[in-house]
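Visitor: So you can see what is in the structure, the chains are spelled out below.
Protein chains: 2
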Amino acid sequence: MIDIHPLSSFRPGLRLGIDLGGTCVKLALVDEHGRIRALKKLDTPPAPRAITPALRKILRSWVKRSLLGTGVGVAGDVNPVSGTVLFAPNLKWRNVPLKRYLRAAGVPEPIFFDNDATAAAWGAFHVELPGRSQNFVLLTLGTGVGGGLVLNGRLYHGATASAGELGHMVIDRNGPPCCCGSRGCLETYLGGNYLVAWVEGEMNRLGRKPPADLSPKTIAQRAAQGDKICLSAWRRAGEALGTALSNLINIFNPDTILLTGGVAAAAPLFLPHARRVVARNRFVSAPKVVRLRVSTNHRHLGVIGAALLVE
Amino acid sequence: MIDIHPLSSFRPGLRLGIDLGGTCVKLALVDEHGRIRALKKLDTPPAPRAITPALRKILRSWVKRSLLGTGVGVAGDVNPVSGTVLFAPNLKWRNVPLKRYLRAAGVPEPIFFDNDATAAAWGAFHVELPGRSQNFVLLTLGTGVGGGLVLNGRLYHGATASAGELGHMVIDRNGPPCCCGSRGCLETYLGGNYLVAWVEGEMNRLGRKPPADLSPKTIAQRAAQGDKICLSAWRRAGEALGTALSNLINIFNPDTILLTGGVAAAAPLFLPHARRVVARNRFVSAPKVVRLRVSTNHRHLGVIGAALLVE
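Protein chains in written order, with the working numbering: chain D, 1 to 311; chain Y, 1001 to 1311.
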């Protein structure tokens, strides 16, 4: 019933990984062990077609002839067959023929495309949990909340590569409005932007001037120093996360759920609250069998997983 | 990337399917096309080990020598490797060595086990949607609300065969308490028992004596005749279902979601409300690509899918 999908099934050699995010594009040459052999970063160009000359320049400085192919993770809705970016809100791209631009830059073929969080899940599955997971859920906690799925040992991306929008699971139909059109999505509690807005709102409500430097990081620092509003923010986020985790456990019965992304660094402040909610789940085996972990190596999972789309 | 899993991959011949539910056990001989060739029903015995003589009697009346094996769908938490029923609340079974009892009855080997809703999903995938689905979510609407998943063209049952508990997805953390320990699970709005309890509660609140024959079926009949409380019950259930469907669309990006089970017969009363909620989902491709359907042939999907566990 179960495919084991070890790293050893990857062909030896280097593949190009591209992680296309809202603020930067990360490029890496990655070997069959998921190790980065070369890494470059550039700012995401506002005009999509400007990616061609930018990539061409980087590729010139890298040995190309031995590359096995290219894998691309896109922060948005991408058609994996045509390589068209249908909609990428953080990049403000719509209907961009990315494959054509990459070909024009001379990236090695074949070229594979997937959602960036799905690619990160694929990277984590191989690099952080090699051989130890078959049914795996990744939650990426950053400005937004995303997710990626590896099920039955294989990447899962759904009918149009849009699966894993775990941040937009509604856990409270009467909760705060979300950019996606629903209310009470997980992201409205745990997404970096929403977290900052909630703390600002509470400070204003209590007559405290919100500091200019509010961010998930400074909210964590202030909470660690005992700031009550900031502690409440993490408790609220953690409880919402707990409900979402309990849902994911009931839906996927996964062996592992991994939290990654910048906001995951604050896990000591929110994860105990999440675990408390998960502990209420009275199902027999699923809540017991799952390993809930915080990623130790989250910085490059996206670009590694993108590269490993080239098997 | 995609496995096509057509019926033609099943070996020709008959397999025994057993659908073990809270009130009855259904047995069928099923061919490689998913067609039922013989069918028997018996009451679920209160003492688990009484299943051995009951099955032995039925099997004696069926030709055994040509059977390819046995597939069992269990309404509960079953270990698919050991064949032990860990916990089946509707059967009131706990730690029952079902495989041993089935062997003693002489069922054909090998024997495969899975959750009953997962088995029903496998049956629907092959019988209702042959060749037309790769990523498929089944929702079973009955006394409780269950689910089954076929992902990347393959049965998905998770780490311990407990995946697909879709009825226990929390959509309102502050909603009604659920038997599972959470609040506001989909089942608390749409499950037959909860639906009846809500209508009774509303009638009492408004000084109307609840009729003795309240059931999802009579609530549907009364709603069709214009009863306001019964209409509200379906609207409330439909809106909750809409949130759950929107979540499932964001999580799975499925090509098909199928509703089955006795309560699905009332779909004309609740599905329009669900669709209205789903229509609010602003994601680009996932809500557009999904086919949302009501099963036309729900009566035997469980036992057919159980039999097809023998590939």
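Hints may contain errors.
Below, a list of computed lysine-lysine pairs in the BS3-like style, where the Cα atoms sit at most 27 angstroms apart [as the list claims (entries may be wrong)]:
(1) Y:Lys1217 with D:Lys288
(2) D:Lys57 with D:Lys41
(3) D:Lys92 with Y:Lys1288
(4) Y:Lys1041 with Y:Lys1288
Don't read these hints as lab results, they were simulated from the structure. Since the model is a prediction, treat every value here as computed from it, not as a measurement.
Visitor: What are the numbers of the hints the structure violates, in ascending order?
Guide: Failing hints, ascending: 1 and 4.
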